[in-house]
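Taking UniProt numbering, the leading residue of the sequence shown gets 1, the next gets one more, and so forth.
Everything labelled a hint here was simulated from the structure, so no lab data went into it.
Here the structure is a predicted model, which is why all the values come from computation and not from measurement.
Be aware that one or more of the hints could be misleading.
DSS-like, lysine-lysine: derived pairs with alpha carbons at most 27 Å apart [claimed, not checked]:
1) 117 x 97
2) 95 x 16
3) 97 x 13
4) 16 x 102
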Amino acid sequence: MSLSIDKITENIKGLKLQSDRELNSSNFQQAHILLLEAYKLSMTYNLRMNHKNSGIYRRLAIVLLRICIYNGYNIAILKEAKSYSKLYIKIRNQKGKSLKDKFSFDSIYANYYIVSKKYLKAIQYFNAFKDHFISTLQLNDLNLALSYNSLGLAYTALSRNEEALDSFFKCIEILQKIARPDNYALISTYNSLAVLYSNMGRYSEAQEYYEKCRPEFEKNLQKDDINLATFYNNLGELYYNKNNLTKALEFYIIKLIAWKKLMIIIKNLRLLQRSI
1 MSLSIDKITE NIKGLKLQSD RELNSSNFQQ AHILLLEAYK LSMTYNLRMN HKNSGIYRRL
61 AIVLLRICIY NGYNIAILKE AKSYSKLYIK IRNQKGKSLK DKFSFDSIYA NYYIVSKKYL
121 KAIQYFNAFK DHFISTLQLN DLNLALSYNS LGLAYTALSR NEEALDSFFK CIEILQKIAR
181 PDNYALISTY NSLAVLYSNM GRYSEAQEYY EKCRPEFEKN LQKDDINLAT FYNNLGELYY
241 NKNNLTKALE FYIIKLIAWK KLMIIIKNLR LLQRSI
């Protein structure tokens, strides 16, 4: 027996409320499942651009953004989040209504464009995201710090070095106030700053920041982690450029060992795939 429109509407409302609770409890995957169920129900009697879908689209975009924040910025997930945000924005504009959570959509677009290596567009949206926190006087907010870090990465990619330095230092200033010294975001920003200084030929300053993050990387990353291998490679290049060939060789050898372990893992995975 098919459900009445009133019953379907009631069920959708319940699913949205439940997804909000899951989102607030950081159960992002469960929130995503509930919202997809709500959307499926809604589409039994609504068209795609019906205004009743706008709340579902907004929530789906935000949940997917949170999944990326906690699990890494996956371009496919960001693209999906961007699609939902576009649908939400289009419906709200058609109704002449203001947007809720606009800064979250700025973050979605910004991160999508930086992962897509469209750095000028990324800078545009990160600046809008950043300005939201500044205008609302949330000057020590983690999201503001992370937006400065992302701006630094975008400026680095464009060789706009002074703007990159300024952004990284603003990020560090906030994180040093609100986070522990071993906070991964802070350590990662030190590493980004070291890479930038090395690219600029300012090797002593690069070494200072590499040494700040080295203990935490070695403590928290597996020896065969590609990020640790890349870090050692960068250290090797630094010492090579400083004409300290013994030190350069030391880190290149460590990197080579890490890469060999990684290649063994990849080889074993390929063998496993063939046998399935």
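Comparing the hints with the structure gives:
The straight-line distance between the Cα atoms of residue 117 and residue 97 is roughly 32 Å, outside the 27 Å bound, and the hint therefore fails. Note on residue 95 and residue 16: the hinted pairing holds, with a Cα-Cα distance of about 21 Å set against a maximum of 27 Å. A distance of roughly 21 Å separates the Cα atoms of residue 97 and residue 13; the hinted pair therefore holds under the 27 Å criterion. A threshold of 27 Å between alpha carbons decides the hint, and for residue 16 with residue 102 the separation of about 19 Å falls inside it, so the pair holds.
Against the hints set out earlier in the document, a violation occurs for number 1 only.
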